Amino acid sequence: MAAKLELHEDRLFPSSPAERAIARELYQSVQDLPIISPHGHTDPAWFALNEPFADPSSLLIVPDHYVLRMLYSQGVPLEALGVKRVDGASHETDMRKVWRLFAESYFLFAGTPSRMWLDWVFHEVFGLREILCAETADTYFDAIDAALRTDAFRPRALFERFGIETIATTEDPLDPLQHHAKLRDEGWGRKVITTFRPDNVLNPETPGFSGNLDRLGDITGCDTATYSGYLDALRNRRDFFRSHGATASDHGHPTAATFDLSEREAADLFACVRGGNASPEDAELFRGHMLMEMARMSQDDGLVMQIHPGACRNHNAPLWAAFGADKGGDIPMRTDYVSALQPLLNKFGNNPDFTLIVFTLDETSYARELAPLSGHYPAMRLGPAWWFHDSPEGMRRFREQTTETAGFYNTVGFNDDTRAFLSIPARHDVARRMDCGFLARLVAEHRIRPDEAFRIAEDLTCNLVRKAYRLG
Amino acid sequence: MAAKLELHEDRLFPSSPAERAIARELYQSVQDLPIISPHGHTDPAWFALNEPFADPSSLLIVPDHYVLRMLYSQGVPLEALGVKRVDGASHETDMRKVWRLFAESYFLFAGTPSRMWLDWVFHEVFGLREILCAETADTYFDAIDAALRTDAFRPRALFERFGIETIATTEDPLDPLQHHAKLRDEGWGRKVITTFRPDNVLNPETPGFSGNLDRLGDITGCDTATYSGYLDALRNRRDFFRSHGATASDHGHPTAATFDLSEREAADLFACVRGGNASPEDAELFRGHMLMEMARMSQDDGLVMQIHPGACRNHNAPLWAAFGADKGGDIPMRTDYVSALQPLLNKFGNNPDFTLIVFTLDETSYARELAPLSGHYPAMRLGPAWWFHDSPEGMRRFREQTTETAGFYNTVGFNDDTRAFLSIPARHDVARRMDCGFLARLVAEHRIRPDEAFRIAEDLTCNLVRKAYRLG
Amino acid sequence: MAAKLELHEDRLFPSSPAERAIARELYQSVQDLPIISPHGHTDPAWFALNEPFADPSSLLIVPDHYVLRMLYSQGVPLEALGVKRVDGASHETDMRKVWRLFAESYFLFAGTPSRMWLDWVFHEVFGLREILCAETADTYFDAIDAALRTDAFRPRALFERFGIETIATTEDPLDPLQHHAKLRDEGWGRKVITTFRPDNVLNPETPGFSGNLDRLGDITGCDTATYSGYLDALRNRRDFFRSHGATASDHGHPTAATFDLSEREAADLFACVRGGNASPEDAELFRGHMLMEMARMSQDDGLVMQIHPGACRNHNAPLWAAFGADKGGDIPMRTDYVSALQPLLNKFGNNPDFTLIVFTLDETSYARELAPLSGHYPAMRLGPAWWFHDSPEGMRRFREQTTETAGFYNTVGFNDDTRAFLSIPARHDVARRMDCGFLARLVAEHRIRPDEAFRIAEDLTCNLVRKAYRLG
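Chains as they are written, first to last, in the working numbering: chain A, 11 to 482; chain B, 11 to 482; chain C, 11 to 482.
Think of the hints as simulated: they come from the structure by calculation, not from any bench.
Among the clues, some could well be false.
Note that the list lumps identical chains together, so a pair holds whenever it fits in one copy or between two copies.
[Claimed, not checked] When the alpha-carbon atoms are kept at most 30 Å apart in a straight line, the in silico DSSO-like pairs for lysine-lysine are as follows: (1) K107 / K477; (2) K201 / K477; (3) K357 / K94; (4) K477 / K192; (5) K107 / K14; (6) K94 / K107; (7) K477 / K357; (8) K14 / K201; (9) K357 / K14; (10) K201 / K357.
What you are looking at is a predicted structure, and each value in this text was computed from that prediction instead of being measured.
Just chain A, same shape as in the assembly:
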């Protein structure tokens, strides 16, 4: 018989009795606060159209790059997990078979955040009470599949059940935002907002860059053959995004490099990249220059600027060729911030009305670079532990390595950064538990007072998020 699936009420709290008791009290004060999700990748169509989700595997396995990478690392072919090949060659389409394969490999996730998120989904969303393993695979599949066909499991119902106050999706400038328009018209405009993510029109190394700029011109009526027209088009789309709820932009460049070019240099560089003749150095220079321009536009229009650098995308070229992007083949890189951000911070970082939120995949930058920078520049805030580090140990390291220099008030609360909609409450729950555990240690070691800890726990959960992202 399969073991019982339990979510212990003290999970993730430190085992020291003194710390655990405090952590529990702190957590009780924030566990039911609304979920604010200012950065993520859910599909706005879910909320706009409110159609039922598909089968268990299509919902929980196929799109989850954390799940795919672990199974693939242990020799499970992506085809067998139902992932479509670029070349159209066959892949598993029997979603029950996919689920069984996942179930029998589920032990591999021991000690990973995916395991905690998924167990929460199984237990709390679907009411399952045995662990997932080969033996229970079909029970799970049937139970989840049946639930997904009911109205209670449609996106909007889950949204309300989860206690989400606001969720931000991420779209590129060429997106018509029709789902956000529908949501706005139906009174969901403050619940589901968009984020302006212009990588595909800022990064000359994006496949189809030139065509993207043509389309950007078509959409905006600006002449994107010229540098000034290009800037106008970007301003135009930022306004359009703002009218669809956006309070932030987001930038996922390979590095955090920023460059302060003259107007003339910028125009010349634009001409070069527009013509498709950008060398890798040109491309880097252009991206870095455009971060400066984005900061300048943020000063004007008030969009909060987020930078998420440091991922080596599609490290596994054969896998990328076979299955496309976002299948678990991205790898973090060592990332510099001190020199990279200096031009931008020197130009805009002293303005307390501008907000720049910086993330990292290189934890060595927490104590050495990012806490010192965000603990000094009025414009800069430090984003939470991200992606590979969005995990209990990752969050613990984040607080341990940033708090002493940046404090709590130069951080911005939690981002779930996910398209795995059903796991969003689990992810916020992990963050709340880890923050409360960290605060509990500070209280137990008499480094902060209990009343401060309660205040900070609430600030980390809601107030700092709303303030940093200009929500509500």
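We have chain A already, so just place chains B and C on it with the hints.
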């Protein structure tokens, strides 16, 4: 009513009952040992002239770059904190207003070492018993201001009350050391000593470098137009500093680079930098060469050599232009030691009579580079957690990441490295508590015996400091 | 009187009562499992010839670079420790004197793994019950010396007593493997196996590289003047090693760089390095290319491939000149894996039948690079904490920083990597205790179930080792 200000007797000790009990006993054995402060930035004039300190804000806020950076990061202008502008434009001169601004923002420091240091100063030095907040701002200001006007709060009285055995200040070679001369003449010569910090005559990128060398020539009677005269002048000033108590030199170059140039190459390079024609590469080469020369002179005259590399000074250029240096705008950088120190260590590192103490702002070098290097070369010792890492978590990481390779006996005890004189006991107290907590864990995990822990606690507090810095 | 030497039964377990109780139970389930040592540097002659070990100092001090480096760092000359000089100048030959010097400095090792390993050897192997110090030096020397003269302390007796199932030694391709042949003939062929370590014929910067290739040609009958003959010779020796038990190769290059050259480029490069004309860039390129060839051969012959990069060998040039290699003068370097391994992983990393085990001396790569890479590529596994990081804190950081992304099942259990034969059980014991302590924390924090922890503890101790190294 404001909450009570308490300093818990178990603060900073691990919450695990077994570890806490051991930590408490270890701490009791070292808490009253004298303070030895072999590296810092207090003003020798304080001790020489023994004049009263000024008002609370001028003493505790305006000169504290940790305090300035946190408040500035949250949008408080430096002018409002009473910091003078370079251009002479107005700044707040009502020190009570400055104090109120600080008081209402004091919650920002939760979880930072500044908070622990300041609370200690408020509680132990000034006897305050309510927390600092907007409500208590005036009470605080009045109480501190009144105390500072009494003889019991003059520098020498506090020095004695704090139980300081020796404090080292830091001066550059052009300093006449008149305060140290007075102290020496009045019997305070072993209590307050100087440190030879020649950056402004070794680093060609120092503003005014050429003029500094002219003055160095004037002071010493050596011909600093020639390389040999320049070296003579440096030897001359080292002797002068030694006669004013110096047992150590200190070097704050951007990197730890050292270079082994021939006599001829060095002379040619000197001619180039002396003429003001140094490229950035020349400057780096010259600094690296001069570290070699400083090591050579240390072999001869016995000054302990300290290297503090890795700070990107004045990262915030506009702030630097407006307010000058040391206002919180310095940022750590990734720093290499393995290649950088190899020339120096190969030449002088095998000499057990020479001592080189190396510090870092890049914690990634602890386990990877600095513990292995100091755990091998007889001349090298590892300085304590520094600046941004002079904090409970920073000290914990230091011991966790260095002890297994370097042991305790290749470290040199604590440096407070501060000009915040009133907080010096608090800083040493934090270090003693964290060291005792670390040792307690090793005992509780049966990795060292209790008798060893007591011996090591005392060695870290006093014996290793005196030995490494050749004091007493 | 000297203090009592004790090995506490709970040593290294967390002090939190809840965690300690679980750790103890987990440990009891694995403490008596056989030792599998798939990577190390013991001398096969010991097991083949089974002659008694020499005196205590020659066995425990002179060959131990951890011991030498600590004593040397505190000013003890290597000559006084009985280490031979290259120039034949005198060194201490009275091994009792060497032992006394060691004994009086033994306190330096407090907090280091050497101390834990050695105390285990003293207590468990030799039955000593007082601590080692100046006072007990002679008692120790006499007791150990007497024991070593008995049959119970010959290598094979200790091998059996230690419960070793398999141990791998490391030899270079020019080694005749006569000891392994003898062992095989005497039925010890599965107990003591070799490992193919071809650095001295792959790395053009090896002293004597050209002569090594000549000898490789002589041994194999292949024409190592040509590139194809060179590859044939390597294949030939890999087969020879496999026939002497090898299941793995090992590569200790300065970096992890791999390069994908064309056949033609490779042949031209070989001609260049074969002729002794390799620049440093050529040498790096050739090493990186040969890692690709080794991977290709591993695909064919099934040898598991290990990469141990990132050591700056012989950092202390004067010491190296005086005493030769492996005297404690190697220092870790910052090491990149993301770009370095991309060519190899793109070519061979998607093959689940090929196994690449990667190690690091740069702990910053754990969470940022190595866990993400090994948590994705089916061929890649992550080797355990190595060398400077083969220690309680090092192991704790390894699990904390890798588990959330790579899980447990992309790791390969423990390597002792040592020539200090008597300490092998102690080293495995430390690893088992630390793994159980880590698992205990996950259980106590309700992140994994107890039944999982027991399974994982056993897998880490034996099953993952056997599987990864293709043993048994």
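Hint by hint, here is what the structure shows:
Within a single copy, K107 and K477 get their C-alpha atoms only as close as 46 Å, which misses the 30 Å cut-off; across copies the closest is 27 Å, which meets it. When the C-alpha separation of K201 and K477 is checked against a cutoff of 30 Å, the pair qualifies only within one copy, where the shortest distance is 16 Å, while the shortest distance between copies is 51 Å. Only between protomers do K357 and K94 lie at most 30 Å apart by alpha-carbon distance; the minimum there is 22 Å, versus 46 Å within a single protomer. Taking CA atoms no more than 30 Å apart as the test, K477 paired with K192 passes inside one copy only; the shortest distance there is 26 Å, against 55 Å between copies.
Proximity of K107 to K14 under the C-alpha cut-off of 30 Å is restricted to the intra-copy arrangement: shortest distance 23 Å within a copy versus 62 Å between copies. Proximity of K94 to K107 under the C-alpha cut-off of 30 Å is restricted to the intra-copy arrangement: shortest distance 15 Å within a copy versus 66 Å between copies. When the C-alpha separation of K477 and K357 is checked against a cutoff of 30 Å, the pair qualifies only within one copy, where the shortest distance is 23 Å, while the shortest distance between copies is 48 Å. Taking the shortest alpha-carbon separations for K14 and K201, neither the intra-copy value of 36 Å nor the inter-copy value of 42 Å comes in at or below 30 Å.
In the homo-oligomer, the alpha carbons of K357 and K14 never lie at most 30 Å apart, since the shortest distance is 57 Å inside one protomer and 43 Å across protomers. Taking the closest pair of Cα atoms, K201 and K357 never come within 30 Å of each other, the shortest separation being 34 Å inside a single copy and 46 Å across copies.
Violation of the numbered hints given earlier is confined to hints 8, 9 and 10; the remaining hints are satisfied by the structure.
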